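Enquirer: Numbering-wise (my numbering), the sequence shown opens with residue 372 and increments by one.
If you are wondering where the hints come from, they were derived from the structure by calculation, not from laboratory data. Do not take every clue at face value.
Cross-link-like lysine-lysine pairs, in silico, DSSO-like; alpha carbons within 27 Å at most [claimed, not checked]: (1) Lys478 / Lys521; (2) Lys475 / Lys391; (3) Lys517 / Lys487; (4) Lys487 / Lys514; (5) Lys400 / Lys521; (6) Lys478 / Lys402.
Ranges of calculated distance between the beta carbons of each label pair, as one might list FRET restraints [to be verified]: (7) Ile519 / Glu410: 18 to 28 Å; (8) Glu524 / Leu435: 38 to 48 Å; (9) Ile526 / Lys452: 12 to 22 Å.
Predicted model, so just to flag it, every value in this text is computed and none were measured. Ideal Cβ positions, reconstructed from N, Cα and C, are used throughout, including at glycine.
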Amino acid sequence: MKISIPGKVILLGEYNVCYKNTGIVGTIKKKLILETCTEREHIVNDDIFFNSILKYCDNKYGNLNNIYINISPETTLMRGKGYGFSSALCVGIVTIYMYYHNAKASKDCIFDQALKLERDLNHNLCSGIDIAACVYGGLFNYKDEKIISKCNEIIKISIIET
372 MKISIPGKVI
382 LLGEYNVCYK
392 NTGIVGTIKK
402 KLILETCTER
412 EHIVNDDIFF
422 NSILKYCDNK
432 YGNLNNIYIN
442 ISPETTLMRG
452 KGYGFSSALC
462 VGIVTIYMYY
472 HNAKASKDCI
482 FDQALKLERD
492 LNHNLCSGID
502 IAACVYGGLF
512 NYKDEKIISK
522 CNEIIKISII
532 ET
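Generate the whole structure from the sequences, applying the supplied hints.
Expert: Next comes the structure, spelled out in structure tokens:
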């Protein structure tokens, strides 16, 4: 299995959404690509967050029986830049576990489970806006764990790292 999860950029309300206010988020072309195989490679084995997600999912869904999840070298989404790497990792790993154990996982179910995972591992103040971007994609208005409205236009955004 190979899956691609988009990064995100929050255009408005980054911290407001934590307090049940509105935020606007959009996905970007940078992607986290996860793949399953029978050997563990392409990851740093001492990555605490990655390993804590795997342990959480093993306990919740059951282990993957000698199937490993690797971060592909094709990944263009970089960690620590504010583009939602950790949320993409949560969404991707939850998706793999859910499909491995139950092939009928809907986007809504993946959203709910990835949000619970991120809150359990990080903190309850997590709004879910990053998770929603990773799962549903596009540009949308978000409030209180729901997409309020979605923009159907393609908008080009230049991201300049200073």
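Enquirer: Of the hints given before, which are not true for this structure?
Expert: Hints 2 and 7 not satisfied by this model.
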